[in-house]
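6 protein chains.
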Amino acid sequence: MPIVTIKMIEGRTDDQKRDLVEKVTAAISESVDAPKENISIIIEEMQKSHFAIGGVRKSDL
Amino acid sequence: MPIVTIKMIEGRTDDQKRDLVEKVTAAISESVDAPKENISIIIEEMQKSHFAIGGVRKSDL
Amino acid sequence: MPIVTIKMIEGRTDDQKRDLVEKVTAAISESVDAPKENISIIIEEMQKSHFAIGGVRKSDL
Amino acid sequence: MPIVTIKMIEGRTDDQKRDLVEKVTAAISESVDAPKENISIIIEEMQKSHFAIGGVRKSDL
Amino acid sequence: MPIVTIKMIEGRTDDQKRDLVEKVTAAISESVDAPKENISIIIEEMQKSHFAIGGVRKSDL
Amino acid sequence: MPIVTIKMIEGRTDDQKRDLVEKVTAAISESVDAPKENISIIIEEMQKSHFAIGGVRKSDL
Chain A
1 MPIVTIKMIE
11 GRTDDQKRDL
21 VEKVTAAISE
31 SVDAPKENIS
41 IIIEEMQKSH
51 FAIGGVRKSD
61 L
Chain B
1 MPIVTIKMIE
11 GRTDDQKRDL
21 VEKVTAAISE
31 SVDAPKENIS
41 IIIEEMQKSH
51 FAIGGVRKSD
61 L
Chain C
1 MPIVTIKMIE
11 GRTDDQKRDL
21 VEKVTAAISE
31 SVDAPKENIS
41 IIIEEMQKSH
51 FAIGGVRKSD
61 L
Chain D
1 MPIVTIKMIE
11 GRTDDQKRDL
21 VEKVTAAISE
31 SVDAPKENIS
41 IIIEEMQKSH
51 FAIGGVRKSD
61 L
Chain E
1 MPIVTIKMIE
11 GRTDDQKRDL
21 VEKVTAAISE
31 SVDAPKENIS
41 IIIEEMQKSH
51 FAIGGVRKSD
61 L
Chain F
1 MPIVTIKMIE
11 GRTDDQKRDL
21 VEKVTAAISE
31 SVDAPKENIS
41 IIIEEMQKSH
51 FAIGGVRKSD
61 L
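Residue numbers (UniProt numbering), protein chains in the order written: chain A, 1 to 61; chain B, 1 to 61; chain C, 1 to 61; chain D, 1 to 61; chain E, 1 to 61; chain F, 1 to 61.
Since the hints were made in silico from the structure, they are not lab data. Among the hints, a few may not be true.
As the list claims (entries may be wrong) - With a straight-line Cα cutoff of 25 Å, these simulated DSS-like cross-link-like pairs (lysine-lysine) come out:
#, chain 1, residue 1, chain 2, residue 2
1, E, LYS48, F, LYS23
2, B, LYS23, D, LYS23
3, B, LYS23, A, LYS23
4, F, LYS23, A, LYS36
What the hints assert, rightly or not - Among the chain A residues that face chain C by a calculated CB cut under 10 Å, a handful are:
#, residue
5, MET1
6, ILE3
7, ILE42
8, GLN47
Note that the Cβ used here is the ideal one computed from N, Cα and C, for glycine as well.
With these hints in hand, go ahead and build the complete structure from the sequences.
Here it is, written out as structure tokens:
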């Protein structure tokens, strides 16, 4: 039932994403004692021009 | 004022999406007594490689 | 797999919320041909002081 | 620490987006007294066929 | 049509929140040329025990 | 820069939540090679009456 959304800058490989969902699912299952099959993960990628910290976008650095 | 976000795997047709927002808007309007014009719906599509249940992505099944 | 989030002003009764998730689940299942058991719905309630249109909060109307 | 998500219909220019994150960051920093470097902004664009008000999508108007 | 979500640690006053939605609405309206009445803002407050950077929650600092 | 949101049913202890953000931060850092200090995690708890699968809320089971 945990539903996880991970927003990150685009550019990771398919292998990194596979590894990401495996490891995060395991981490949640262990820490809050939830069966793995109840854990959903959504990856959302952002372009560098769509993410800013301190008013400056990654694409403008 | 209800603001609805529907996340689903990509691949539905344009007709299915049109039907989706019509039916969901009607369902909300009836059940919580909100005027239809106050209901906003956002559809967000995910690639199969960006959604996992139980640590396994749809693209890896 | 459709994951639905419904944000609305607080104050609906428990019966309205039960009705809401039943009707919205049925509406999605019919329109995009998804089995009901794959559809998750999250209700998120907002205080009137936490929602604004046109720069004016519901609590200030 | 304020984390801001701005969802809007696609089509704004890169200059408009740069201006958007600058102005919104300044507006938040002034109003809630947060240092600018603590403010993150995510822009999420929607196609017209993925946004509906009153059960009608922007692409169907 | 811009729909904005602002997540921040709880504790701001009602006046700060009123000011926040006014200023952010104006900032968006100016920068992307959207009528103010089309801009919705949702404020979501987090407890310090529900927000972490670098694996450490605000409540544990 | 990864920004993670974890939605789950309320009821976990403070220790479980501390453990959760530590382990998830480590899992992300390892799998996508991001420095821990760039990873933000937000926990959002839901009441059982605000979460449904298959049209039935957890509170109605």
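Quick rundown of the hints versus the structure:
Proposed proximity of LYS48 (chain E) and LYS23 (chain F) is supported: the alpha carbons are some 18 Å apart, at most 25 Å. A hinted pair counts as satisfied when its Cα atoms are at most 25 Å apart, and LYS23 (chain B) with LYS23 (chain D) does not qualify at roughly 38 Å. Under the criterion of a C-alpha separation no larger than 25 Å, the hint pairing LYS23 (chain B) with LYS23 (chain A) is inconsistent with the structure, at around 38 Å. Of the supplied pair hints, the one linking LYS23 (chain F) and LYS36 (chain A) holds, its CA atoms being roughly 15 Å apart against a limit of 25 Å.
Because the closest C-beta pair between MET1 (chain A) and chain C is about 8 Å apart, less than 10 Å, the hint holds. Given hint, ILE3 (chain A) at the interface with chain C, holds; its Cβ is 6 Å from that chain's nearest Cβ, closer than 10 Å. Annotation: ILE42 (chain A) was flagged as interfacial toward chain C, and the flag holds, the nearest CB pair being 7 Å apart, inside 10 Å. The closest approach between the C-beta of GLN47 (chain A) and any C-beta of chain C is roughly 23 Å, which is over the 10 Å cut-off, so the hint fails.
The earlier numbered hints that this structure contradicts are 2, 3 and 8.
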